[in-house]
Every structure is written in structure tokens, then in C-alpha cells.
Amino acid sequence: MSAKLERLANCLQEICGDAIVSLVTDRGEVTITVAAADYLRVAQQLRDESVLRFEELMDVSGLDYSAWKNSEWTGKRFAVSVHLLSVTHNWRVRLRCFAEDDTFPLLDSLVSVWPSANWFEREAFDLYGIMFDGHPDLRRILTDYGFVGHPFRKDFPVSGHVEMRYDPEAGRVVYQPVTIAPRENVPRIVREEHYGDVGHG
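So the sequence shown is numbered by my numbering: it starts at 1265 and just counts up by one.
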């Protein structure tokens, strides 16, 4: 680990203390995980503490761990990963937080801390169904108003639940059950007989 990353990790431990559930440094990046109850408070500390000074929120990504690494997952299902940048110190951190309830995933909104979280949180709500308490305008951003479900959840069918089309007789767009048969698309890989063997080019 570089001296700069080590200094960042030490600053995070010093400022956030017991709120940090885990701190991982991997591939030149620092990721801290906090509990949902500490999420908003830690976000404010990351922005306001002069030794950290994460002024910019770059992204908020929803996560569904239900089939993590293609195996059974025993932890909480839904999380968000917040990517932050400090222009002052020229370093980055990833803040991760799991929602406590898998059936109704809810986290505090970070819009009051970083206004740029607005559309990112709407995206996580739309695609993963993660709710954000305190968000000023939490509604779908990528799918249609009548869309059913959250398409980035691991249990959402690849072909969806309904399809829409224009009905010339009704003179409007109509929704109907999906008419295509579900299928698996497995790519066919064709390689020469000795592909990758030493001495064969």
C-alpha cells in the first residue's frame, strides 16, 4: 500500500472510528463500509472534516448481492456504493452501505450533503428498488411510468414482465404479457486446436 493510501486509511479510521464496519484497501482504492444508521453522519464527516475534504460525489451505484460470485449470499441483499473525490487532497474513497431490510431497502438520502446525489439515487431506486429517505423527488428516471419491477435486481427476468406496443385500433400504447419465449444466450467460442499452447502461434 502506498504512503498516500495508508495516510487516507488512517485519517478515515481516526475521524469515523467505530462507524466503520470494514475498511479494505485493494488495487489502489480504499473502500469503507458503514451501517445504515451511520451512513448520513459519516457522509457529512467525509465532506466536512478538513483532513478528508471529499467535496465531490462522483457516483452512487445500487448493488444486489443476492447471487454474489454466483454463490449463496448470507448477508444483507441491497447496498449502495458511493464514489467520492477530494479535489483538495487529490484522493478518492468508496463508501458502501447495506440496507437493513431486504424486502423494503431504505437508506438516508445524501442529497442534503451532495446535491449531485439526486439523479444517481433516482437511478438506484428505479433499477434496484432502493428507497432514499429525505430525497426531494424520488421517482423513476430510466424506465416508463407504468413499468413494473426493478430491472437490475438479480431475480428480474431477462425478458421482463410486460411489453408495450402501439395498438392502431385502440389508438394508443398498450401493455401486454411478454410474447417471446425465455431463453439462455450462451456465446459460442471457436478457437484453434492448440490455442494458447506454448510454442504454437
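What the hints contain is simulated information worked out from the structure, not anything from laboratory work.
Here a beta-carbon is modelled for each residue, glycine too, at the ideal position from N, C-alpha and C.
Each hint should be verified, as a subset may be incorrect.
Unchecked claim - Distance ranges between label pairs, derived from CB positions:
1. S1380 <-> V1285: 37 to 45 Å
2. V1438 <-> G1398: 15 to 23 Å
3. F1368 <-> E1456: 31 to 39 Å
4. Q1440 <-> E1313: 22 to 30 Å
5. G1281 <-> S1345: 18 to 26 Å
6. G1281 <-> G1339: 18 to 26 Å
7. L1287 <-> E1336: 41 to 49 Å
Claimed, not checked - In silico SDA-like cross-links for lysine to any residue, where the CA-CA straight-line distance does not exceed 25 Å:
8. K1418 <-> G1393
9. K1418 <-> R1360
10. K1268 <-> V1288
11. K1333 <-> D1390
12. K1340 <-> E1313
13. K1333 <-> V1288
14. K1333 <-> A1299
15. K1268 <-> S1350
16. K1418 <-> T1295
17. K1268 <-> A1300
18. K1418 <-> E1313
19. K1268 <-> E1278
20. K1418 <-> Y1329
21. K1340 <-> T1297
22. K1333 <-> P1379
23. K1340 <-> G1281
24. K1333 <-> E1278
25. K1418 <-> S1350
26. K1418 <-> T1297
27. K1268 <-> E1293
28. K1418 <-> V1442
29. K1340 <-> E1364
30. K1268 <-> A1301
31. K1340 <-> V1315
32. K1333 <-> F1420
33. K1268 <-> S1335
34. K1340 <-> L1304
35. K1333 <-> G1292
36. K1268 <-> C1280
37. K1340 <-> M1395
38. K1268 <-> Q1308
39. K1418 <-> R1305
40. K1418 <-> S1335
Status of the hints after comparison with the structure:
For S1380 paired with V1285, a C-beta distance near 25 Å fails the hint of 37 to 45 Å. Range check, V1438 to G1398: Cβ separation about 37 Å, and the 15 to 23 Å hint is violated. Between F1368 and E1456 the beta carbons are some 53 Å apart, a value that contradicts the proposed interval 31 to 39 Å. Between Q1440 and E1313 the beta carbons are some 54 Å apart, a value that contradicts the proposed interval 22 to 30 Å.
Under the hint 18 to 26 Å, the C-beta atoms of G1281 and S1345, about 21 Å apart, fit the expected range. At about 22 Å, the CB distance of G1281 to G1339 agrees with the hint of 18 to 26 Å. Between L1287 and E1336 the CB atoms are about 26 Å apart, so this pair departs from the stated range of 41 to 49 Å. A distance of roughly 12 Å separates the Cα atoms of K1418 and G1393; the hinted pair therefore holds under the 25 Å criterion.
For a cut-off of 25 Å, the pair hint linking K1418 to R1360 stands: about 19 Å separates their Cα positions. Restraint check for K1268 and V1288: the C-alpha separation of about 15 Å stays at or below 25 Å, so the hint holds. A C-alpha spacing of about 24 Å is found between K1333 and D1390, which places the hinted pair at or below 25 Å, so the restraint holds. For the suggested pair K1340 and E1313, the alpha carbons sit about 30 Å apart, so the restraint of at most 25 Å is broken.
Distance hint between K1333 and V1288 is fulfilled; the C-alpha atoms sit about 18 Å from each other, no more than 25 Å. A hinted pair counts as satisfied when its Cα atoms are at most 25 Å apart, and K1333 with A1299 qualifies at roughly 22 Å. Between K1268 and S1350 the CA atoms are separated by roughly 13 Å; this keeps the pair inside 25 Å, and the hint holds. Proposed proximity of K1418 and T1295 is supported: the alpha carbons are some 23 Å apart, at most 25 Å.
Straight-line distance between C-alpha atoms of K1268 and A1300 comes to about 28 Å, which puts the hinted pair past the 25 Å bound. This hinted pair does not check out: K1418 and E1313 have alpha carbons roughly 37 Å apart, beyond 25 Å. Proposed proximity of K1268 and E1278 is supported: the alpha carbons are some 15 Å apart, at most 25 Å. Taken as a hint, the K1418 and Y1329 pair is honoured in the structure, with Cα atoms around 8 Å apart against an allowance of 25 Å.
Pair hint K1340 plus T1297 holds up; C-alpha atoms about 13 Å apart against a cutoff of 25 Å. Pair hint K1333 plus P1379 does not hold up; C-alpha atoms about 33 Å apart against a cutoff of 25 Å. For a cut-off of 25 Å, the pair hint linking K1340 to G1281 stands: about 22 Å separates their Cα positions. At roughly 32 Å between alpha-carbon atoms, K1333 and E1278 are farther apart than 25 Å, so this suggested pair is violated.
Under the criterion of a C-alpha separation no larger than 25 Å, the hint pairing K1418 with S1350 is inconsistent with the structure, at around 33 Å. Taken as a hint, the K1418 and T1297 pair is honoured in the structure, with Cα atoms around 22 Å apart against an allowance of 25 Å. Taken as a hint, the K1268 and E1293 pair is honoured in the structure, with Cα atoms around 11 Å apart against an allowance of 25 Å. With a CA separation close to 19 Å, the supplied pair K1418 and V1442 stays within the 25 Å bound.
Simply put, K1340 and E1364 have alpha-carbon atoms about 7 Å apart, close enough for the 25 Å limit, and the pair holds. Using a Cα cut-off of 25 Å, the hinted pair K1268 and A1301 is violated, with the two alpha carbons roughly 29 Å apart. For the proposed pair K1340 and V1315, the alpha carbon gap of about 32 Å is over 25 Å, so the pair is violated. With a CA separation close to 17 Å, the supplied pair K1333 and F1420 stays within the 25 Å bound.
This hinted pair does not check out: K1268 and S1335 have alpha carbons roughly 35 Å apart, beyond 25 Å. The straight-line distance between the Cα atoms of K1340 and L1304 is roughly 19 Å, inside the 25 Å bound, and the hint therefore holds. The straight-line distance between the Cα atoms of K1333 and G1292 is roughly 22 Å, inside the 25 Å bound, and the hint therefore holds. Among the hinted pairs, K1268 with C1280 is consistent with the structure: their alpha-carbon atoms are about 18 Å apart, no more than 25 Å.
Restraint check for K1340 and M1395: satisfied, since their Cα atoms lie roughly 15 Å apart, inside the 25 Å limit. Under the criterion of a C-alpha separation no larger than 25 Å, the hint pairing K1268 with Q1308 is consistent with the structure, at around 22 Å. Distance hint between K1418 and R1305 is unfulfilled; the C-alpha atoms sit about 30 Å from each other, more than 25 Å. Proposed proximity of K1418 and S1335 is supported: the alpha carbons are some 12 Å apart, at most 25 Å.
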